[in-house]
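S.K.: Residue-level listing of the chains:
Number of protein chains: 2
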Amino acid sequence: MKPQAFARAGLREIKQDQRHGASQLAHRCLQLVAEYARRLHDIEKSDGDALLEALVNFVAALQAARPSMAPIENLLREFIESMQNAGPAADVAESAEQRAQYLIEQSKRAIFQTAEKAGSLVGRGDTIFTHSFSSTIAAIFQNLHSKSVKAVITESRPGNEGELLARQLSALKIPTQYITEAQISLFIRRSDIVLVGADTLLADGSVVNKTGTHLLAMAAFDAGVPFYVCCESYKQSSRTQMNIALEEKSNSELQLKNMPFIEARNIYFDITPRKWISGYISEQGIRRGVSPIKNPEGP
Amino acid sequence: MKPQAFARAGLREIKQDQRHGASQLAHRCLQLVAEYARRLHDIEKSDGDALLEALVNFVAALQAARPSMAPIENLLREFIESMQNAGPAADVAESAEQRAQYLIEQSKRAIFQTAEKAGSLVGRGDTIFTHSFSSTIAAIFQNLHSKSVKAVITESRPGNEGELLARQLSALKIPTQYITEAQISLFIRRSDIVLVGADTLLADGSVVNKTGTHLLAMAAFDAGVPFYVCCESYKQSSRTQMNIALEEKSNSELQLKNMPFIEARNIYFDITPRKWISGYISEQGIRRGVSPIKNPEGP
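Read top to bottom, the protein sequences are chains A and B.
Residues in the first sequence are numbered consecutively from 757, following the working numbering.
Residues in the second sequence are numbered consecutively from 757, following the working numbering.
The set of hints was computed from the structure by calculation and includes no laboratory data.
With a straight-line cut-off of 16 Å between C-alpha atoms, the simulated EDC-like cross-links for lysine to aspartate or glutamate are:
{"no.": "1", "chain 1": "A", "residue 1": "K1013", "chain 2": "B", "residue 2": "E919"}
{"no.": "2", "chain 1": "B", "residue 1": "K1031", "chain 2": "A", "residue 2": "D978"}
{"no.": "3", "chain 1": "A", "residue 1": "K929", "chain 2": "B", "residue 2": "E1019"}
{"no.": "4", "chain 1": "A", "residue 1": "K906", "chain 2": "B", "residue 2": "E1019"}
{"no.": "5", "chain 1": "A", "residue 1": "K1031", "chain 2": "B", "residue 2": "D978"}
{"no.": "6", "chain 1": "B", "residue 1": "K906", "chain 2": "A", "residue 2": "E1019"}
None of these values were measured; they are calculated from a predicted model.
This is chain A alone, in the form it adopts within the complex (with noise of 0.2 Å):
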């Protein structure tokens, strides 16, 4: 494959997938644009600065590509600064290639520091409510298996994210309930902390994250169940609630009959208010959010 084909795949991909959170496909977009540099290298023969500019031009393409996910942006405008201030490279494509893989591993490590200090604020026994697919919430229940913990999760329709969640609680044993969107209300009562991912951190103290995030944040309210966002800081986005795009997707995924007056709707990302959030957790520790929490000395 040539290398414009490559990258034109590879934006498909990336626009398409809905298995994947924001740091994974931040991640993955490293990888394509690494590879994508070692192909116009290998091809093409080009010079660093023409090499460069298509760089800069396809990270612009991805990043456009999912604007409800910070990280994506964030790791490719890193990743583009730390080449451009590196000056000429005697290889571009292999400097792109180390950089990638540095940013990556970054990342996950600050994920799993994020997932450390999450796993702080549960109790023995206590029983966990989260929404969604988060790899960094699966992190944390990965850590958290021998303190007996128990879990309530969503199925997150249309795209059932829940699903996959739902398996990897089955795998490490967490007895869990599985509901619907729509029960959230009922569940809620029965839970002791609520945990969710984000896609993007916005600079007012809002969450951008999937839809459903919202509601969920304003019934542990109700229930004075503490809700926690916990995400590394590459979530962090300098966007407010005035300029991020929340993604639409396909309303053929709500398998509706098509009917005249009738239209599906599909927005995946919601923002909750910072209003609602007791805290935020990231590798760099727990921030204390403006909604009350039930035990503020912890578990």
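Add chain B to chain A, keeping to what the hints say.
M.R.: For chain B alone, kept in the frame of chain A given last:
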């Protein structure tokens, strides 16, 4: 079919029906009881007292079959009381048929009047948000389609009753957005008023309705959109949140693959507390609730 077999089949039908609302099922129960009386009378030539006793037993079983639905309890109780008060009749079966018909007509008139009163709250061009399927809400839309209203409706997983409403709104040419429950908080902001039906109105002013109603009420309150419960007074119950049963249906409806440690849950009803409700609309008029109303002067 012998009377006892007929009664068993009827009971099974009522237990398993997930298509019809509480009022429609109550009407069906009255038809079943009248038909049971006729079959008992035709075949067994039972005397009045024995027949009435059999009816009392069948009615008790029907009431217990759908504990979350007050109109079944109320209309069947009125039926039995009127049979008991009438004294020995020449033809108990004919009397049962007449009383059942009378109560069904009474209930239908109350629903119609409720729908008319609810319509007075809706302004020209308003967007009405509703959840699940309610025959009262369907009647409201039928009255309103000349007012150029629009609608936001939920699919109502796992039963997908929203699809039934979508078909009716499509026939009425009402422009409608059809969403997953998870998107409630996104679309409530584009709505002017929430109208929902109810299965039961509890003594403390809280409302039993299809699961998800509670989340919708919270989201409406948060967005400053008035939330009205529309139901005829046959749905008023003397029960409270403490002694109302919320029906749970088969979890196979969630279509989750069987996995150890994972239990799918399927509770069909939830309770919306009084604090989120702006008003109650019945055939007797509009009663103010405690949740603030954006335009107290009406549309």
